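Sequences listed follow chains A and B, in order. Start counting at 1 in the first sequence, then tack on 27, and there's your number in our numbering. Start counting at 1 in the second sequence, then tack on 27, and there's your number in our numbering.
None of these hints come from the bench; they were simulated from the model. Fair warning: there could be bad hints in the mix.
Pairs involving identical chains hold if they fit within one copy or between any two copies, as the list cannot separate such chains.
EDC-like, lysine to aspartate or glutamate: derived pairs with alpha carbons at most 20 Å apart [unchecked claim]:
| hint | residue 1 | residue 2 |
| --- | --- | --- |
| 1 | Lys-36 | Glu-128 |
| 2 | Lys-146 | Asp-250 |
| 3 | Lys-518 | Asp-206 |
| 4 | Lys-101 | Asp-120 |
Here the structure is a predicted model, which is why all the values come from computation and not from measurement.
Protein chains: 2
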Amino acid sequence: MTLNEALQKYDELQQKLFALNYASSSIYLDSVTVAPSNTAAGRSLALGVLSGLVYPLAYGDETGELLEFLTQHKAELSPQKAREVEESKRAYDETHLMPQEEYVEYSVLLNDAQDVWHKAKNADDFPSFAPYLAKIFDANRRQAAYIDSTKAPYDALLNQYERGLTMEQLDAFFSQLRDTIVPLIHRIQTEGAAIDDSFLYKHYPLDKQRELSDYLMEVLAIDRTHCTIGETEHPFTLNFDKNDVRITTHYHENSLASSMYSVIHESGHALYELGIGDEYQHTSLAGGVSMGIHESQSRLYENMFGRSEEFINLIYPKMLELFPEQLAGVTAHQFYLAVNKAEPSLIRTESDELTYSLHIMVRYEIEKMMLSGQATVEELPTLWAAKMKEYLGVDVPSDREGVLQDSHWSGGMIGYFPSYALGSAYAAQFVERMKQDVDVSKCLAEGDFKTLNAWLGEHIHQYGGFYPPTQLFENCCGAKFDANYYTEYLKNKYMKIYGLE
Amino acid sequence: MTLNEALQKYDELQQKLFALNYASSSIYLDSVTVAPSNTAAGRSLALGVLSGLVYPLAYGDETGELLEFLTQHKAELSPQKAREVEESKRAYDETHLMPQEEYVEYSVLLNDAQDVWHKAKNADDFPSFAPYLAKIFDANRRQAAYIDSTKAPYDALLNQYERGLTMEQLDAFFSQLRDTIVPLIHRIQTEGAAIDDSFLYKHYPLDKQRELSDYLMEVLAIDRTHCTIGETEHPFTLNFDKNDVRITTHYHENSLASSMYSVIHESGHALYELGIGDEYQHTSLAGGVSMGIHESQSRLYENMFGRSEEFINLIYPKMLELFPEQLAGVTAHQFYLAVNKAEPSLIRTESDELTYSLHIMVRYEIEKMMLSGQATVEELPTLWAAKMKEYLGVDVPSDREGVLQDSHWSGGMIGYFPSYALGSAYAAQFVERMKQDVDVSKCLAEGDFKTLNAWLGEHIHQYGGFYPPTQLFENCCGAKFDANYYTEYLKNKYMKIYGLE
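All chains should be modelled from the sequences, with the hints used to inform the complete structure.
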C-alpha cells in the first residue's frame, strides 16, 4: 500500500463514519422530538444494525492496520492530516478491544434506555429504569478497562470527556470550589440582602416563551439558516456538521428562567460548532475538542454573558414587551438580581451559578462510588438524597426531581458531569483573557455579539479538534488553567449582588 | 454455500437494507420538517455515502449471485421466504445495470432537488428548478432502459409504481374516465344547482386546524402511539416500519378543506402501513404492495369515507365546536355539498373528487411527452398551462400554482401520478365488495371505524407485499378490475349532489 492509497482509503473511511454518525444523530433527534411514543423497537433494530456497520470501519483490524501505517508515516503528512490520524487512532485504541457484539448491544441498550428513562421520569418510577441503568454502569465499567486497564475505571471514563482529567485533579478542584462556595452561601443566607424572584414563577405562556427563544438567538447573532431550535424533555445541542446545528429546550409554563437560560446555554454550544473551521468538516477533527471546552462556551454564554447586568439591561425592553403583566413593576435591576439569586435547589439545570457546582459534586461523588463498586443502582435514590442534603441542604421529594432529572446516564455519559464545573471555571479564565482585547462590558451593553463571537471564534472555536484541549486552553490564555479565576469571579459577583463586604 | 447459510446471509442483508432505509427516511423527514434552511450540503454528502453503502447490498454482484442461488432453491423455501426473494430479485433486476456511481449521484441529486424545488416554489421561480428537473428526467430515461430496455421508457417507469401497468391500459382507462367526467362537468355547469362553498375559505386559525387533525385521526381510530402528524410543504406519509408511521399536512389559514382532506388522505396511507402483518416486518415484503393499491386506501378514506354525507354528519358537531364563527348558519348538509363542489381549479390536492382525475391526466400526458422526447423541461410551464386549459378550462396564473405545485418530480417520482387515478378507481370497487360484508353507511354514521379498518385490514392491509397487486385485488374483489365501478360511483354521487336526472 502506498501512502497515497492509504490516505485515500482513510478519507473514504472518515466520510463513511461521518455519514453513519449523521444517520444515528438524525434518528436520535427524531426519537426525542417528534417520534410516536411506542416506536423504540424498530429504532433499536435500525441503530443496532448501523452500529454494526460503524464498528469495522472505526475499530476493525483493517482500520487498525491502516491507522498504524499512517502513524508510521506521520512525518510525511500535513499537520492537519497528522492530527486527524492521531484522533482516529485514539478512538481506535480506546474501543477496539471491545467486541463488536458488545458494541452493538450497547448502542441498542442506550436507545432503549432513553425511551425507558423518559417514561420513568414522567411517571416518577425509578425502579422501571433501574435495570437499564445497572446495565449501563456495567457496560461502562467494562469499557473503562478497554480504554485503559492500567487506570482506575472512573479515570478512564473521565478521559473520554476531558483528556487527561483524573479524580485526583477533580478532588482538588472541587475541594477548592467548596472552600469558596460553602462559606459564601452561608454568608448569603445569614447576612445577604433578600432577593425576590417570585415573578419568575408566574404563568408564562409557551408561545411567548418561544418568541423569547427566537429573540435571544437573534441577539446572540446565531445564523438561523444553520441552526434551529426544537423542544425536548432535556435540552441539548446536536451538530450534524458545522453548517447544521440544532439546539433544544424545555418550556415550563410556570418558570421563565428555566428555558431562557437553557436557550442561552445551548446557544453557546451551537456557536462553538458553527464557528469551527471549514477545513475540519467531516473529519475526525470536526466538532468541539472536548466536553470541558464545550461546556466552557455554553456556561460562558449562559452566565458570564447571559446573567450579566449589561445583558439584562439590553434585553429587558423586549422582556417587558413579551411579558407586560408578569413583569409589571419589576425593574431590570430586580430582574438581574432574581436570575442570580443564590439558593440551594433540586434541579441542576435551573440552579443558580453559585450553587451549580454543588449539584455537579453530587453527581461526581456518586459516579466515583458507582465505578469503584461502593454503591449499587438500587441505592442511588437514597444516595442522591443523602448527597443533596449534605452538599445543598435540601430534601429530595421525588426521584423525578432527584436521580431521574438528567438524561446523561440514560445516554451512557458517565464521567461527563465534571465537564460542566470545569467548563465554568475555564470560562472565567477565558473571559479575563478576552478583556485584554475586547471591551466585554460595552459589547454586552450594546448587544455587539458579533465582536464577542468573533473573539471566541478566533481564539477557540475555529480550531475544532486540531489542538488538544490543554494546548488550546494555554494557547488562548497564555497561561495554565487556574481555578482561582473562577472562585474570584464567583466571590466578586455574589458579594456585590448580596451587598457583602 | 448451503441453503441455510444463504438464507442467513439473505436475512442479514434485509436487516441492513432496512436500517439504511430507516436512516435515509429519518434524514429526509428531518430535512422537510425542522432542518435549518441552509443545510443541504452536509445532508447530500451523508445521503450520497449511505446510498453508496446500499448499492452493493441491494444491487451488487454478490447479492445477485445470492438471489440467483435462492431462486434456484425456491421450491425448498417457505411461501413467504420465496416471495421475499422474488421481490428482492425484482428490485435487483431493475437496478443492477445502473452503475454504482450513477446510483449515488442520483440520490444526491434528489436531495439537492428537494431543497431547490422548495425554494423555487416559494419564490415562484421555475427557471432555478429547471436544470435539476432536466437532470431528473434524464436520469429516469436512463433508468427506464436499465429496468427493461425492451419496453417504451414510460412503460418501464410506470411498472415501478404499479406492476405491469402500461400506457395502453392507461390511455383506455383515462379515455373512459374522460367520457364520463367531461360531460358530467358540463351538465353540472349548465344545469346543476349552485353550491356555496365560500365559508370554507374564511380565516381558520392554525391551532384550531391542528386540533381538527388530532380529532380526525382519533375518529379514524389511528393509534397515535404509532403514528404522529407533522407539517411540511407537501403532505405525505412515511413509514419507518409498521409500528412507526408519520403523516404530514400543510395548513392554509384561509382554507379549511385543504388540510382536513390531506389529513384524511394520509391517514388512509397510514392505516394501510399500520395494518401490515408483523411477519413481513423488516423484509422486502414490508410496506404497501404498490402505489396503486396505496392510493386506493388513501383515496378511499379521503373520498368514499371522508366526503360521504354520513361522515360529515358524524364530525359536524366537532366542526361547529372548533369553528363556531366561521360555520355560523352553515348546516351539515351545506358543508357536505361544499366539500363536494365540483369546479375546475388549479391545485390537484385541493381539487374535488370529480375533476381530480383531470389533474392526473394533465400530468400523465406531460410525463408521456417528456419520456418520449416530445417536450423539454423548458417547455413545461407552457405545456402545463395548455393542458390545464384543455382538460380543466382554467388559466394558470403562476408556476407556483402550476408546474411547481407538486413534490413528485423533484422527488424523482415519474410515473407515479397515474396511481392516484387508478387508486381512486380501485377504491370504488373495493367499497362495493366491502358492502357485501359490512354496512358501510351505518359504520360511517356511527363512527365505527374499527369495523371499517378491520375489513380493509383483513382483505388488503395485512398482506403487505405478499400478493402481487393484481392478485391482491382479485383475491379481495373476486373479480378483475373494472373501471365502471368508479364511473358509476362518480355519476351517482354527483348527479344526486347537483340534482340532475
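Cross-check of the supplied hints:
1. In this assembly of identical chains, Lys-36 and Glu-128 lie within 20 Å of each other by CA distance solely across copies; the values are 17 Å between and 25 Å within a copy.
2. For the identical chains of this complex, Lys-146 and Asp-250 are inter-copy neighbours only, at 18 Å across copies versus 34 Å inside a copy, given an alpha-carbon limit of 20 Å.
3. Proximity of Lys-518 and Asp-206 under a CA criterion of 20 Å is satisfied intra-copy only: 11 Å inside one chain copy versus 87 Å between copies.
4. For the homomeric pair Lys-101 and Asp-120, the shortest alpha-carbon distance inside one copy (17 Å) is at most 20 Å, but the shortest distance between copies (46 Å) is not.
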